[in-house]
Amino acid sequence: MVPIQFSVENVSKRYGTGTALKDVSLRFEAGTATALIGTSGSGKSTLLRMLIGLDWPDSGQVLVDNKPLLPAERLLLRRRVGYVTQDGGLFPHLSARDNLALLPRYLGWDASRIDARAGELARQMQLPEETLRRFPGELSGGQRQRVAVMRALMTDPDALLLDEPLGALDPVVRFDLQEQLRQVFATIACTVVLVTHDIAEAAFLATRLVLLRHGEVVQDGTPQDFFSRPADKFVRRFVSARRELPQAQPR
Amino acid sequence: MKSRIKHWTLGIAGIFCCWSALGADAAVRIGSKNFTESIVLAEMLRLDAQRHGLGIEHRRAMGGSAILWKALLEGGIDAYPEYTGTLRRELLSDLPQNAGQAELAEALRKRGIGIGAPLGFDDSYALGVSQELASRLQLHALSDLRAHAELRFGLSNEFMNRGDGWPGLIAAYGYAPDSVKAMDHGLAYRALASGAVDVIDLYTTDAEIRNYRIVVLDDDRHYFPSYQAVWLYRLDAAQRTPLLEASLQDLAGGVSLQAMQQMNAAVMLDKRGESEVAGDFLGMRGSVQDSEGLWQRLWRHTLEHLRLVGISLGAALLLGLPIGIVAARLQRLGQVILAATAVLQTIPSLAMFVFLIPLLGIGAKPAIAALFLYSLLPIVRNTLSGLASIPAPLRESAASLGLPYRVQLLRIELPLAARTIIGGVGTAAVIDVGTATLGALIGAGGYGEPILTGIRLGSVPVILEGAVPAALLALLVLAFFEGIERLLTPRGLRLPARQ
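For the protein sequence lines, the chains are X and P, in the order given. With the working numbering, letter number 1 in the first sequence gets 98, and the count goes up by one each step, no holes. With the working numbering, letter number 268 in the second sequence gets 1692, and the count goes up by one each step, no holes.
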């Protein structure tokens, strides 16, 4: 259990006519929690996917623990990393428990070890254990995301990558899950990289924020930096793009 | 994982065992063409040899001259009854027209084929018209037809296309008819009787000549050559099995035109079995069991049919599934593979059988090979499209787990595609059940056998004996695969999506 240190050096990526990333260099120190924020199309998801070789840069390189990531090492790296997507990515033909068991079973865990670990995570994520017998189609959106996070955590990963994990949930469920994720991040030692477009969520879950726009880093700092010293007008707009409650009309 | 691999190996081994078992049949195998006379003659040889203690397998009604000749040359069969006219005009057409018996025998010997002494009757081609038409138009000879271009000809497919048939006849008599239709010989008599055609080709020994009151027109220009019935046999088979040669000699010279006509009539008109009729002729009255009972026969045809479908489908599954998986992985290659299997599908089944005879001989093997090739497309295509239709986020989720490709495929991708793949296998199975009936054309047996026999005998009940079970089997197969689909579709995929 050694947290992974990721870095990208001068990575660029183009999709057809659009630019996803433009000469980006970043380091994600082992054991830290970073949030990549930005509007849609800013390249934040592409950057996250590159860290485990789901995408490759056109130029520049990705380093894992200071060694360049090679295609042949992808599978081994991915086994050390938990990855959660917006829709959870649960397989509909497998029960929640079987979804959790996919990688552990391949790694040779026996059933009792899998069940013990699943039960432990279910308590941590406040998911009733009998829910695990159900299929993804029988779970609510919030339950599905909880199972997805559990699947990512099953084998005690050295890094946790989350791509808008709460993006499709209603505000109440989202609020509860933010709280649970914060507790999870606090109890594990692994490196966390989170992609979100919600700066409040990012500030709540991560100690470092990186704001991307059109494939370039606009600001990199603590949540306090973003609110007190926004780098430019775009950052100021991004930080303050929230509605206040309307004032009650005096009768 | 290991046990699964073991199952696959066993399955493949099983198929090869069945395959090789197909070849291990009787010591001597003879064939007959797809008309009564040929079948009766072959049965005669089989029964005579049986008397001598030689077991012969008779592949009934394998097809026309071309298929039998090819099968004889390639050793698929050891002997079959042929006619000298066909030999001279069609099969050995490079022989000079005036070649004598010795030259004919010599030409055959060079090909490893022996020719027996004439059986005793001459079954020549002829044209016939109804008595009513003959008297109305004063038709007596073939040259009388020239003046009546309005007469409609209904000619058997073989007669239309062979050198000693229609093309030569047109040239010899200067015909220019308005309407010439090709049809099955068994159907031609009924077409004539119903007035759908006016002139048909026939054989001088045909039983129907008497029954349908047909006038056989005189060949006044002596166009049709002599068609003496003879046995053709492989010289190596005769050498290996002296009993075969003994039986061939037994039958020489003993069958008169009247006897042959009577035997044909006994089968065609009195609806007696060919074996029984041949047995009567040999004086084996009563001792010949012609046909199993209806249920026995049905059971045999069912087993034969299931064997054709089962082996071809199993092999197509074993090969088509991996091909579909590879095609889904390597998209450009996939397109090529899909195009290739689609081209296979467009080859007409009869043509496919004929292509395969030189490679696999006759009988079940080429039929199974053809069915196998036809089954590939639905299986490959559905495997490919089942895998390709897995949503991209799920595929990426599978990739992000860090499982090797093999595990991803077995645990995630194939189960997700199972429904589509099983659908493809079901489609292939239903196509197979239907197409397998054509296997009877090359001696593969199955439900096609009663269908062909029924057409030949003009007997609807016999046709139905093959057609009805074939249709039922197709429905059964359809239901079976629907059941399998329900069974194998993971429960999680049958849930209505919940928002």
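Simulated from the structure, these hints should not be mistaken for lab results. Built from N, CA and C at the ideal position, the CB exists for glycine as well. Check each hint, because a few of them may be wrong.
[To be verified] Quick look at which bits of chain X chain P covers, simulated, 3 or more residues with Cβ under 8 angstroms: (1) 169-175; (2) 229-236.
[To be verified] So the derived label-pair ranges between C-beta atoms look like this: (3) P:I1771 x X:D207: 49 to 55 angstroms; (4) X:L204 x P:P1815: 24 to 30 angstroms; (5) X:T136 x P:L1834: 36 to 42 angstroms; (6) X:D207 x P:W1723: 46 to 52 angstroms; (7) X:P165 x P:I1771: 24 to 30 angstroms; (8) P:L1754 x X:L204: 27 to 33 angstroms; (9) X:R230 x P:L1896: 54 to 60 angstroms.
Against the structure, the hints come out as follows:
1. 169-175: Our answer is that it holds, as 5 residues pass the Cβ test (under 8 angstroms) against chain P, meeting three.
2. 229-236: Holds, because 5 residues of the stretch 229-236 of chain X bring their Cβ atoms closer than 8 angstroms to Cβ atoms of chain P.
3. P:I1771 x X:D207: 49 to 55 angstroms: Given about 54 angstroms between the Cβ atoms, the range holds.
4. X:L204 x P:P1815: 24 to 30 angstroms: holds (26 angstroms)
5. X:T136 x P:L1834: 36 to 42 angstroms: holds (40 angstroms)
6. X:D207 x P:W1723: 46 to 52 angstroms: Taking Cβ atoms as reference, D207 (chain X) and W1723 (chain P) lie about 51 angstroms apart, which means the hint holds.
7. X:P165 x P:I1771: 24 to 30 angstroms: violated (53 angstroms)
8. P:L1754 x X:L204: 27 to 33 angstroms: holds (29 angstroms)
9. X:R230 x P:L1896: 54 to 60 angstroms: violated (42 angstroms)
Comparing the model with each numbered hint stated earlier shows that hints 7 and 9 do not hold.
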